[in-house]
Structure formats: C-alpha cells, structure tokens
Amino acid sequence: MLIPKNNANLMRTKILIRLAESYLHDKFANADRIPLELRPKEMQPSRCCIYKDRAVLKYRCMAGLGHCPEEEQDELTSLREYGQQALARKTAPKNKLSVIDIACSACVKSQYVITDVCRGCFAQPCRLNCPKEAISIVKGRAHIDPDKCVNCGKCFEVCPYHSVVKIPVPCEEACPVGAISKDEFGKEHIDAEKCISCGRCLASCPFGAVVERSQMIDVMKEIKETNKKVVAMLAPAISGQFPGSLNNLVGALKKFGFSDVIEVAVGADITTQKEAAEFVERMEEGKPFMTTSCCPAYFRAAQVHIPELKPFVSDTKTPMYYTAELVKKETPDCVAVFVGPCLAKRAEAEWDPNVDYVLTFEELGAMLVAAGINVDECEELPLGRVSHIQGRQFPVTGGVAGAVASLVGDKFDIRTEKVDGLTKENIKLLKRYANKGGDNNMLEVMCCEGGCVSGPGCIALSKKAARAVDAYAQSGEPLTPETKIS
Amino acid sequence: MANKVKVRICVGTSCFVMGAAQIQSLEFNAPADIADHIEIVEERCMSLCKDIKRKYRNGPFVFVNDELVEEATYEKVVGKIREQLKKS
Numbered sequence: 332m333l334i335p336k337n338n339a340n341l342m343r344t345k346i347l348i349r350l351a352e353s354y355l356h357d358k359f360a361n362a363d364r365i366p367l368e369l370r371p372k373e374m375q376p377s378r379c380c381i382y383k384d385r386a387v388l389k390y391r392c393m394a395g396l397g398h399c400p401e402e403e404q405d406e407l408t409s410l411r412e413y414g415q416q417a418l419a420r421k422t423a424p425k426n427k428l429s430v431i432d433i434a435c436s437a438c439v440k441s442q443y444v445i446t447d448v449c450r451g452c453f454a455q456p457c458r459l460n461c462p463k464e465a466i467s468i469v470k471g472r473a474h475i476d477p478d479k480c481v482n483c484g485k486c487f488e489v490c491p492y493h494s495v496v497k498i499p500v501p502c503e504e505a506c507p508v509g510a511i512s513k514d515e516f517g518k519e520h521i522d523a524e525k526c527i528s529c530g531r532c533l534a535s536c537p538f539g540a541v542v543e544r545s546q547m548i549d550v551m552k553e554i555k556e557t558n559k560k561v562v563a564m565l566a567p568a569i570s571g572q573f574p575g576s577l578n579n580l581v582g583a584l585k586k587f588g589f590s591d592v593i594e595v596a597v598g599a600d601i602t603t604q605k606e607a608a609e610f611v612e613r614m615e616e617g618k619p620f621m622t623t624s625c626c627p628a629y630f631r632a633a634q635v636h637i638p639e640l641k642p643f644v645s646d647t648k649t650p651m652y653y654t655a656e657l658v659k660k661e662t663p664d665c666v667a668v669f670v671g672p673c674l675a676k677r678a679e680a681e682w683d684p685n686v687d688y689v690l691t692f693e694e695l696g697a698m699l700v701a702a703g704i705n706v707d708e709c710e711e712l713p714l715g716r717v718s719h720i721q722g723r724q725f726p727v728t729g730g731v732a733g734a735v736a737s738l739v740g741d742k743f744d745i746r747t748e749k750v751d752g753l754t755k756e757n758i759k760l761l762k763r764y765a766n767k768g769g770d771n772n773m774l775e776v777m778c779c780e781g782g783c784v785s786g787p788g789c790i791a792l793s794k795k796a797a798r799a800v801d802a803y804a805q806s807g808e809p810l811t812p813e814t815k816i817s
Numbered sequence: 044m045a046n047k048v049k050v051r052i053c054v055g056t057s058c059f060v061m062g063a064a065q066i067q068s069l070e071f072n073a074p075a076d077i078a079d080h081i082e083i084v085e086e087r088c089m090s091l092c093k094d095i096k097r098k099y100r101n102g103p104f105v106f107v108n109d110e111l112v113e114e115a116t117y118e119k120v121v122g123k124i125r126e127q128l129k130k131s
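Heads up: the sequence lines are chains G and Y, in that order. Offset between the first sequence (1-based) and our numbering: plus 331. Offset between the second sequence (1-based) and our numbering: plus 43.
Derived by calculation from the structure, the hints in this document are not laboratory data. Incorrect hints may have been included.
As the list claims (entries may be wrong) - In silico DSS-like links for lysine-lysine, alpha-carbon gap of 27 angstroms or less:
#, chain 1, residue 1, chain 2, residue 2
1, G, 586, Y, 93
2, G, 585, Y, 49
3, Y, 93, G, 555
4, Y, 130, G, 794
5, G, 648, G, 605
6, G, 513, G, 648
7, G, 648, G, 659
8, G, 795, Y, 47
9, G, 795, Y, 119
10, G, 795, Y, 123
Stated by the list, open to error - Computed footprint of chain G on chain Y; a stretch qualifies when at least three of its residues, placed anywhere within it, have a C-beta under 8 angstroms from a C-beta of chain G:
#, segment
11, 49-59
12, 78-89
In this text, a Cβ means the ideal position worked out from N, Cα and C, and glycines have one as well.
Here chain Y stands alone, though its shape is the one from the complex:
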C-alpha cells in the first residue's frame, strides 16, 4: 500500500470543542490494521461551521482523503479510513 490515507482533522475552536480533540486519539491508538496507513493533519478552521445550514452543529468536520465526514466521531472516521483503504 503505497499511498497513505490522509486524515485532516479540523482543529478550529468549534470542531475541537465538539469532539475533534478526541478524534486525535488516532495518533496514539489507531487500530492495528490502519495505524501504519494514515497520515494525520491538523487543519485550521475550514469555515465549514460558518455555513449557515451546517454551523457548529454538524461538527466536528474531518476529511478522509477528499471525503467529508460530518459530526465526526472516532468510530466514523476509522470506518471511513477502512473504506478508503479498500478502494486503493
């Protein structure tokens, strides 16, 4: 597997408070099958929360490669990473 899955976690204040901080545990205890295949990036506010329809309510926002995960949780992100790994 040459290409790593890029996980961009928004660490703007609203996403961070809403749970992005906890998704960062991927850095320490990602499941063994994905641990070596991910690259985690802390992204500054991507202004998705400023979208009036979404607001902070749909945060935290995480991009797994180019796919947006709304109301992201650790489980959701891990699931999306596995999906992307299967594709590649």
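Okay, chain G solo, but in the shape it has when bound:
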C-alpha cells in the first residue's frame, strides 16, 4: 500500500521506541512519563483534550508491554507496574488483537446515508429500487430506516444527484472474516474465535484503537537478564526493511545481544522441497488442486471459515517451523525469536513448541533505535547458513507458487494461481474452488495483498521491499529437490 505513514501507526512506532528506551534506561521507573512526553500540554489535542489523548496512549503503552487493555483490573495501575509485571512473567503473552474501548470512536453503524444533496425528486429511484423498503420520504427528502437497511448500496447506485454517501466502518470493512463488530454501545469488539490475526483492523483504524500484545519486552529481558542464547530468525521479508546489508543487520543484532541470526529463507527452502513433493503426490492421487499453507492467517481462515477447503491445504509446515526446528536441534536450550512482518505468526508460534517469541520488524526497529544502533554502520557479520533463490522469493506474491513450480519441473503439469490478498472476494473464490474446482491446480494464498512485504509489521514501503527481496533472491543459488539443508 502506498499510504504515507499516518499519525495512528507512527504513534505506535513512537510508543514502542519509548518503551524499549524506558526498559533499557531504568527498567520502567519513569514509564509513566511516556504519555505525557508524547502529548505535552502545549500540543494540539487530537481527541477532545490532551488528557484523553494521554489516557489512550497509556492503553497503547499497555499493549506495547504485552498486556491486553480489555483485561485491565484497576485503572490506577501505573505503567511502571505494568512494566514490572511484564518483566516478571515467564512465558510470552498470548496473541490477542483487541480494541481500546475509550479510543474507539464508535463509528456510525449505518453504511449508507442520504445527504442534503437529495432534491426529493419525483422519480424517487432510491425508494423504488430499495429491496427492503427501507427508504421513505420525510419532509421532502429521502430517508433510510437503519433497522431495515441491509447495506446493499442500490440507492447509492441509482441516485441521479449522487446524494447517497457510503460511510464505512473502517475496521469492519477491512476484516475479511467478520470477526469485528459493535456492542450495544457501538464500540467495536474482536471475536477471538473468528479472528485470524491478520492485523487489517489494526492497520485500518483511523483512531489507532486496535492494539495487539507485543512480546518486545520479553525478548529484551531474555537478552539482557538471562544467560540464555537468544537466536533471531529473520523472515525472508527482511530484505529492504533496514537500509544496510543483511550482514550489517547481523552485526546490529549481535551488538544488541542476540547470540545468533538465521534466515527463515533457509526454512523456506525446506518448505519448497516438501511442498513440491507433496504436490506431485497429491496430483498423482487425482486431487483437483492444492493450496499453500505458509501464510498463518490464511491457514487459520481455512480452518475456521472455509472448512470445505481444509482437505486441499498443503500439510507441509511453514518456513518458520523448519527454521525453528533447525535452531532447536542445534541449540536445544536457546530462545528462538521469529522476526517478521506478520501478526498471525504470533498465533502460529503458540502451537509451535520450537518458537519462543515473535517480533515484528517494527518492534525490532524500535529496539535498535532505543539502543542507538544504526544498522549500516555495524560490522558486517556472516550468516551461518545459506538460503537459496526459491526460499528468498517467498515474501512477494507469486514467490511461493513459483518456488514450488520450479521444483515440480516436468514431474507434473503445474498450473499456478496467485490468490493475492485474503479479501472477501478471494474467500468466495476459494470456496468456489473447494466446491467445484477451477482452472488451476496450485493456489498460492497470501493474506496480505502483495505478499508478506505488505504485512502489518513492516517498516519499508512494500514496493521498495519487493524490489529488495527480488534483488537478494537473484543473488542466490538455485535450489534443487536434492539440495541438502541441515
């Protein structure tokens, strides 16, 4: 998406940096100053007053410390205390997207509204075309009865004066699976049973009311306060996220205190080999098609929302899984931290015994900024294992399917299709495939449009990141089905 960083998500970055700094500096002794510093008295408030701005910031800080604002027990608990609680916990906070209720503006529910532009015309196409008889003429002007309206948009299409406007609820519109909805007060809530952790609501809310629980503090504590080896597993989308070379970044991470760094592209190579073999096997069994399984948001969507698709989802594990397996085999007692663009990976990590924590690129960036580390000035250090072209291609849409196809070769007539973005339309397409099949036999499904380079945890622009991913892929060696990865 080519949207310049906006206030809501820029503030998230600032909060993460402040929290990281607060931990490194004095273990949260002064953390309660963060909302005040970010919203000083002389500043124009963006809500009703600076005090509400600060209250919202406190909740956003809570989430940054890994707490869920919905689980607040006592409003007087200070950020310092929340920080200490974060340091005292033994396991990673559970993945959860939630809404800060005081920040949620309770956007109006009615999706279509008739404005003053309405002339109260004689033709009344809005009223006549409404399938629910929701429109009546009140005081010479059309009016929509919100209880009857089903948001079909017919009136919007037919008004000759363009007097009907569509007022979206951004989070609800962004959620592809209907997991976010209003309570009796008009505030949004996320249904954890339905949520696939894609993060679209978080990225789309103009009030910055949607937050997720960060594991950043937990990772910093493991690095700074334990003797354990903490290994960073960098998702293939890392290319282009931090100016400087990948080897500079390895140097930067070691300077911060990570003991080792591995590319998840190595695991992606393994995924490619296994998925290609699985594809050939399934096709020879006469299955109509197979879909990828590496996108955790899509994987969960298939489990929960498109059950008819389940038999067609690949059983091959994800690049994160294979990478963590390699890491834990080598150093069983290390702390394995996946660093990526993805929020759904946190959910995946919960059932993967080898992955201890998940960070976003943004969180890693906040840690480096707080520690005063500039990546491209760091020593260039080598990576232990070498990934191949195919594994490096994963984060750009078409990359996974292309990688699998390259290893299937002439073993089977593979016809790939990119399902680029888990939109409501694409979910319909997938349902159609599950019920009736389609033209192609290998579907690559990416929840984020454009692939992982457009993930909610990214720093760089997706377009630039995609170029960097491509350039890095082309500098590698090709993978073959026989390449041994260990």
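Dock chain Y against the given chain G, drawing on the hints supplied.
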C-alpha cells in the same frame, strides 16, 4: 525549470523506522506538479539524531535543497518542495 529540487531522505535506522521509509513513496506517487522536478537521494545517517537535544525524537530528517525538515512527513516534504519550486 532547469534545476531539480534535491530531496535527501535520511535512511539511518532511526529515521527510517520513524517514518522516512514512508516518505520514500515520493519515488512512486509524488503529486503530478512536482513529480518531474525532484531528485530523490537516500542519505546515510547524517548524525542529526546524535545531537542530544534532537535525538531520534525529531526525526525523520529530510533535506529539501539545503533546508532541513524535522519530524518530516510526506505532506511536510511535499509542501517544502513546492515552496522551493516557487523560489526558483
């Protein structure tokens, strides 16, 4: 208009994380009136963030010709570019 406005975007880690990455969208979707009149340069850390008074907090830093834009945003930079174009 012979001279292009030089836009130097700091891509040091702190500026990049703080939003310089997003200002790079100027490369792809700059407004039509300025698109052909800018030259975008990725600048390595200019050490402005190491200034104790400024620190990262005032980043990202962008130079539009010789004028420094602090806490730069896409809008701020576009505004400054237009200002510079008017001058020339």
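The hints, checked one at a time:
1. 586(G) <-> 93(Y): It holds: about 18 angstroms lies between the C-alpha atoms, which stays within 27 angstroms.
2. 585(G) <-> 49(Y): Roughly 36 angstroms separates the two Cα atoms, so the pair is violated.
3. 93(Y) <-> 555(G): Distance of about 24 angstroms is within 27 angstroms: holds.
4. 130(Y) <-> 794(G): violated (32 angstroms)
5. 648(G) <-> 605(G): holds (9 angstroms)
6. 513(G) <-> 648(G): The hint is violated at about 36 angstroms.
7. 648(G) <-> 659(G): holds (16 angstroms)
8. 795(G) <-> 47(Y): holds (23 angstroms)
9. 795(G) <-> 119(Y): holds (21 angstroms)
10. 795(G) <-> 123(Y): holds (24 angstroms)
11. 49-59: holds (count 5)
12. 78-89: Holds: 3 residues of the segment 78-89 of chain Y have a Cβ under 8 angstroms from chain G.
The structure is inconsistent with the numbered hints 2, 4 and 6, although it conforms to all the rest.
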